[in-house]
Structure formats: structure tokens, C-alpha cells
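Student: Sequence:
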Amino acid sequence: MTFSIRPARPEEAGLLPAIERSAAKAFLAVPALAWLAQADGLPPAVHVGCIAHGLCWVAVDGRDQPVGFLSARQYGADLHVLEISVAHPAQGRGLGRSLLAAAHEGAARLPGLARITLTTFRTVGWNGPFYARAGFRLLPPAAQDARLAGLLRDEEAGGFPPGSRCAMVRDVILAGGT
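If you number the sequence shown the way numbering that gives the first Met the number 0 does, the last residue is 177 and the count never jumps.
Simulated from the structure, these hints should not be mistaken for lab results.
Take the hints with a grain of salt, since some may be wrong.
As the list claims (entries may be wrong) - Computed Cβ-Cβ distance ranges for the label pairs, DEER-style:
(1) Arg72 <-> Ser3: 33 to 43 Å
(2) Ala76 <-> Asp153: 15 to 25 Å
(3) Ala17 <-> Gly61: 11 to 21 Å
(4) Arg136 <-> Gly75: 18 to 28 Å
(5) Pro88 <-> Ile172: 27 to 37 Å
(6) Tyr74 <-> Arg121: 33 to 43 Å
Don't be surprised by glycine CBs; every beta carbon is placed ideally from N, CA and C.
Start from the sequences and build out the full structure, keeping to the hints where you can.
Tutor: Next up, the structure:
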């Protein structure tokens, strides 16, 4: 089956939470995080806002049906990845990498964006190690701005195991290599 990446359409916002729930099934393999398979994802209204700002991309199958997405928001010079998910049956086909590439290309076209940020699990294979292979680097606490440090505190307060999460960053390479 072939897949492609494109900007999400407003009418697709309601489909994205089901993709996130499907993707979360992977956490059943991590006993301490299995509860995430039942957790609520981002509400459709968040996706609507991301789509309206041109900051949501979908991976679609040959019938143009979304099977993955990346939703992001701009915070100053940062494009922050709110969520990236690929439906469980479509995982392992490079769609996550392709969605990250689309976000990077989109960020490179927006004036003033210097980096892409996200928070993720440090050691879960399809989280921290995956992003490191995609060009992200760990952002130590001393280098985190108040927004990222606050997100990590909120995630821990929301039930994530202490110290399990981290902030990561990737510089945006602008068109022309600068």
C-alpha cells in the first residue's frame, strides 16, 4: 500500500482522535504506560486550530484516508509538536519520519521559526530514540525555556512517571541551507 503526506483538511479534525487512540495501543507493550492506551487524545478543537494555521499534516492511504497525523503550534520561534500519531496497523512504514519531514519543511517556510520542539518519553523506542534518529537532540533542563519546563511539570503532574519525559529540539534548516 502506498501512502502520502499532505496538509490536513478541516473536515478531518474529527478523525484524528481515533488515529491517536489506535496509535496508543503500542503502549500496551510497556506495562507502566499501558494506561495510555485508554487515555483521551487531543480534542478535535485543538486539531481544528492547528489545521487553520496550516500546522497539521496527515499521512493518507491510497484512498486519501488519514492513517497518521502531526499537529503543531507556533510559540515564538518554535514550532511545537503537540502530537504525532500513526494508526497501529500502519506503524513501522516510515510514516512518522515522513510527517516529521513535512513539519520541518513547513517550519522552514514560515518566517521566524528557528526550531521544532516536543516532549516525549526518554526511553520508549518509538519516542526519544526515534526522535534522536530524526535529528532531534535532548534539551537539558538548564536549556529549557519556561514553556517547555512547564509542559514537563504538567505531564508529570498528569500521571507520567517522574523523570520519564524529556524535551527535545531540532533546528530548522531554512531553504538554501541557512
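Student: The structure should be examined with respect to each hint, and the outcome stated for every one.
Tutor: We went through each hint and held it up to the structure:
1. Arg72 <-> Ser3: 33 to 43 Å: violated, 24 Å
2. Ala76 <-> Asp153: 15 to 25 Å: At roughly 22 Å between Cβ atoms, Asp153 and Ala76 fall inside 15 to 25 Å, so the hint holds.
3. Ala17 <-> Gly61: 11 to 21 Å: holds, 19 Å
4. Arg136 <-> Gly75: 18 to 28 Å: holds, 19 Å
5. Pro88 <-> Ile172: 27 to 37 Å: For Ile172 against Pro88, whose Cβ atoms are near 33 Å apart, the range 27 to 37 Å holds.
6. Tyr74 <-> Arg121: 33 to 43 Å: violated, 22 Å
Of the hints listed earlier, those the structure fails to meet are numbers 1 and 6, in rising order.
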